Amino acid sequence: KPETAAALKRTVEALMERGAIVRNLENLGERSLPYKISKHKERHKRGGYFLIDVEAPPSIVSPMMDHLGRDIDVIRRAFIKRPVAKAEECGGIIPASPEDKLTARKN
Amino acid sequence: QPVQMENPYKDPPKRCVLCGINVDYKNVQLLSQFVSPYTGSIYGRHITGLCNKKQKEISKAIKRAHVVGFMPVMFKNPQFLTDPNLCNIKY
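Each protein sequence line maps, in turn, to chains A and B.
All letters in the first sequence, in the order written, are residues 1160 to 1266 by this note's numbering.
All letters in the second sequence, in the order written, are residues 2 to 92 by this note's numbering.
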């Protein structure tokens, strides 16, 4: 456990060094991975999942991926856009009119 | 004289199962409900019965969950095997 804490601290410091604002850090628990992952010459079966909410310039992404790739404690890394809470406009299934079906293009 | 108006007896538009529910790559349970328990493949629109948008969102979330290691790829997580069935599939 102190190793995970140290790894997290390293990551957050690296992020802040490059000028990112860390908003939130969530621990999604430690569970057994869905499939065995081999990384850094080791086959991993259990891992801890952490979610870091970050506000950062996009130029940070590649150097950070590099940095995390070199870290042995990190098994898998990913940068995902924060999903904006969009308006709940789901108006149900609107049946397509026959004219639409005539001129429809298969996309 | 008849008054022109919109059909007052019209049914409200049919809603799919996920209408109004936010789809996230993190809730593996929801995502696993649209995946085959034997092969782990994502069910098509004719099986899940979801609207266009939601089907796309689900499939993108499932693929993302595969990549970041949240959801197993070749099978369904056995923890979620006894979930209520949302898709009209007959084995």
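Keep in mind that a hint or two might mislead.
[Unchecked claim] Partial selection, computed: residues in chain A whose CB lies under 8 Å from chain B:
#1 P1193
#2 K1198
#3 A1215
#4 P1216
#5 F1238
#6 I1253
[Claimed, not checked] Far from chain A, by Cβ distances over 12 Å, these chain B residues were calculated:
#7 P9
#8 Y26
#9 V29
#10 S42
#11 N53
#12 K55
Derived by calculation from the structure, the hints in this document are not laboratory data.
Just so we're clear, the structure is a prediction, and the values are computed from it rather than from any experiment.
Cβ atoms here follow ideal geometry from the backbone N, Cα and C, with glycine treated the same way.
Going down the list of hints, with the structure as the test:
Taking 8 Å as the C-beta contact cut-off toward chain B, the hint placing P1193 of chain A at the interface holds, the least distance being around 4 Å. Given hint, K1198 of chain A at the interface with chain B, is violated; its Cβ is 10 Å from that chain's nearest Cβ, farther than 8 Å. Because the closest C-beta pair between A1215 of chain A and chain B is about 18 Å apart, greater than 8 Å, the hint is violated. For P1216 of chain A, the interface hint is violated, since its Cβ never comes within 8 Å of a Cβ in chain B; the closest pair sits about 22 Å apart.
Hint status for F1238 of chain A relative to chain B: violated, with the closest Cβ pair at about 10 Å, above 8 Å. Taking 8 Å as the C-beta contact cut-off toward chain B, the hint placing I1253 of chain A at the interface holds, the least distance being around 6 Å. The Cβ of P9 of chain B sits about 18 Å from the closest Cβ of chain A, beyond the 12 Å cut-off, so the non-interface label holds. Remark: the non-interface label on Y26 of chain B conflicts with the geometry, its nearest Cβ contact in chain A lying 8 Å away (cut-off 12 Å).
Distance to chain A contradicts V29 of chain B as a non-interface residue, since its nearest Cβ pair spans about 8 Å, not more than 12 Å. Interface exclusion of S42 of chain B from chain A stands, the closest Cβ pair being 15 Å apart, more than 12 Å. Non-interface call for N53 of chain B relative to chain A: violated, since the shortest CB-CB distance, roughly 8 Å, does not exceed 12 Å. At roughly 8 Å from the closest C-beta of chain A, the C-beta of K55 of chain B falls inside 12 Å, breaking its exclusion from the interface.
The earlier numbered hints that this structure contradicts are 2, 3, 4, 5, 8, 9, 11, 12.
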